[in-house]
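Student: Take these sequences, add in the hints, and give me the full structure.
The chain contents come next:
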Amino acid sequence: MSAIIRKIVTTVEETHREIGRTISPPTRKAVAVAVIENPFAGNYVEDLSPLMEIGAELGGLLGEACVAALGIEPSQAESYGKAAMVGENGELEHAAAILHPKLGAPLRKAVEKGAALVPSSKKMGGPGQALDVPLGHKDAAYVRSHFDGIEVRIADAPRANEIMVAVSVTDSGRPLPRVGGLSADEAIGEDGLR
Amino acid sequence: MPEVELRKMYVTVETIYHEFGPVPDVPLQRAAALAVIRNPFAGKYVEDIAGFMEDLKPLGLEMADRLIAALGGDPDRVEGFGKGAIIGPGGELEHGALWHVPGGYSMRERLGDSRAIVPSTKKVGTVGTRIDIPITHINASYVRSHFDAMELGVPDAPRNDEMVLALVMTTGPRIHQRVGGLAAADIKGEDGLR
Numbered sequence: 231m232s233a234i235i236r237k238i239v240t241t242v243e244e245t246h247r248e249i250g251r252t253i254s255p256p257t258r259k260a261v262a263v264a265v266i267e268n269p270f271a272g273n274y275v276e277d278l279s280p281l282m283e284i285g286a287e288l289g290g291l292l293g294e295a296c297v298a299a300l301g302i303e304p305s306q307a308e309s310y311g312k313a314a315m316v317g318e319n320g321e322l323e324h325a326a327a328i329l330h331p332k333l334g335a336p337l338r339k340a341v342e343k344g345a346a347l348v349p350s351s352k353k354m355g356g357p358g359q360a361l362d363v364p365l366g367h368k369d370a371a372y373v374r375s376h377f378d379g380i381e382v383r384i385a386d387a388p389r390a391n392e393i394m395v396a397v398s399v400t401d402s403g404r405p406l407p408r409v410g411g412l413s414a415d416e417a418i419g420e421d422g423l424r
Numbered sequence: 796m797p798e799v800e801l802r803k804m805y806v807t808v809e810t811i812y813h814e815f816g817p818v819p820d821v822p823l824q825r826a827a828a829l830a831v832i833r834n835p836f837a838g839k840y841v842e843d844i845a846g847f848m849e850d851l852k853p854l855g856l857e858m859a860d861r862l863i864a865a866l867g868g869d870p871d872r873v874e875g876f877g878k879g880a881i882i883g884p885g886g887e888l889e890h891g892a893l894w895h896v897p898g899g900y901s902m903r904e905r906l907g908d909s910r911a912i913v914p915s916t917k918k919v920g921t922v923g924t925r926i927d928i929p930i931t932h933i934n935a936s937y938v939r940s941h942f943d944a945m946e947l948g949v950p951d952a953p954r955n956d957e958m959v960l961a962l963v964m965t966t967g968p969r970i971h972q973r974v975g976g977l978a979a980a981d982i983k984g985e986d987g988l989r
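Protein sequence lines, in the order shown, are assigned to chains A and B. Each residue of the first sequence is one higher than the one before, counting from 231 in the numbering used here. Each residue of the second sequence is one higher than the one before, counting from 796 in the numbering used here.
Don't take each hint at face value.
Computed spacing ranges between beta-carbons, pair by pair [as the list claims (entries may be wrong)]:
1. B/P853 - A/M231: 46 to 52 Å
2. A/T252 - B/G838: 19 to 25 Å
3. A/E323 - B/A845: 56 to 62 Å
4. B/D951 - A/M231: 37 to 43 Å
5. B/I912 - A/D421: 56 to 62 Å
6. A/E318 - B/T921: 27 to 33 Å
7. B/D927 - A/T252: 17 to 23 Å
If you are wondering where the hints come from, they were derived from the structure by calculation, not from laboratory data. Remember, it's a predicted structure, so these values are computed and weren't measured experimentally. The beta-carbon is built from N, C-alpha and C at its ideal position, and this holds for glycine as well.
Tutor: Shown next, in the form of structure tokens:
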């Protein structure tokens with residue numbers, strides 16, 4: 231089963247200044263969201279594997295959309311994250327089926343490597359509600375400067391029988407990181423943690 | 796007049812494939828650019844503010860260029876437009892009116908000889924406030940198929956001494972337009988209205 235997509239929204243946020251300081255070059259975060267039909271809205275379905283296939287499709291599509299929106303090479307991506315919001319006739323487990331089993335591999339291909347776990351979040355919700363996508367360094371989850379998040383909302387989604395699926399990719403960490411911890415320069419990026 | 800101090804820039808592209816009706820061959824795209832800038836007049840009444848319009852022109856042109864690029868780079872694809880502003884609580888509604896000239900004329904300049912007035916809205920708001928930007932046809936305001944709107948906002952803006960300035964461009968009519976009226980194909984495009 232492939233996704234029936236109603237809309238795709240792609241946003242790039244640039245931060246040029248923060249608390250009176252110039253950020254040069256600006257930090258940049260992209261987030262791409264697909265609004266899809268929930269094939270299992272309205273009833274309990276035991277086998278969620280079709281949603282897992284949809285997850286694989288969207289991991290590639292949305293990951294590539296983020297990289298394209300940033301105008302970077304895949305190797306220049308620094309952090310990533312994913313999230314889903316299920317409309318009221320669905321079930322939280324539908325978000326899990328899309329996000330966890332198969333979305334990661336094609337997303338990692340879109341950003342090159344991606345040794346780290348893709349941080350994630352999920353919720354049930356309705357049109358216009360905010361979805362916060364967590365962000366972490368793509369090769370070393372402990373890189374502290376790259377713990378972040380980005381909020382997305384779409385005025386008319388998700389409707390009751392829809393799911394909003396979001397993938398975020400950045401080419402930078404927070405604007406003014408200074409809480410220590412493992413830095414991106416020091417990360418080895420082999421075990422996905424450090 | 797004061798320098799334009801940009802804190803953040805958002806560029807969003809929404810690609811709409813359907814809204815539960817027949818899927819058109821070409822999806823509708825709507826793009827928005829939001830700039831978060833410092834409001835140099837926040838905190839007190841300033842009589843002479845009009846000179847700031849001139850300072851905002853380069854920002855308007857940059858935003859118009861980004862929107863055209865986000866829609867594929869061809870200005871001829873753009874059929875609808877709109878603009879708006881959210882002024883942080885330290886400012887006044889009149890500060891939002893500064894965006895009419897630089898926002899509107901930058902889009903007209905980049906879109907060739909667009910004749911219609913650029914529809915607009917403005918309000919005083921705070922961090923996270925959303926605004927519905929009205930949209931009409933670029934050459935004839937009465938084209939009914941192109942009346943539309945896009946809800947936009949920035950999660951962390953406008954702060955007390957900031958403004959969010961918005962421009963919107965679209966590539967066509969509402970996705971399932973069917974309420975008649977003046978059609979885009981029937982316009983004269985001389986007076987900006989019909």
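Student: So, for every hint listed, does it hold in this structure?
Tutor: Hint check results:
1. B/P853 - A/M231: 46 to 52 Å: Check passed, 49 Å falls within 46 to 52 Å.
2. A/T252 - B/G838: 19 to 25 Å: 22 Å, holds
3. A/E323 - B/A845: 56 to 62 Å: 58 Å, holds
4. B/D951 - A/M231: 37 to 43 Å: 38 Å, holds
5. B/I912 - A/D421: 56 to 62 Å: 59 Å, holds
6. A/E318 - B/T921: 27 to 33 Å: 29 Å, holds
7. B/D927 - A/T252: 17 to 23 Å: Roughly 32 Å apart at Cβ, these two residues miss the hinted range, so it is violated.
Violated hints amount to a single one, hint 7; each of the other numbered hints is respected by the structure.
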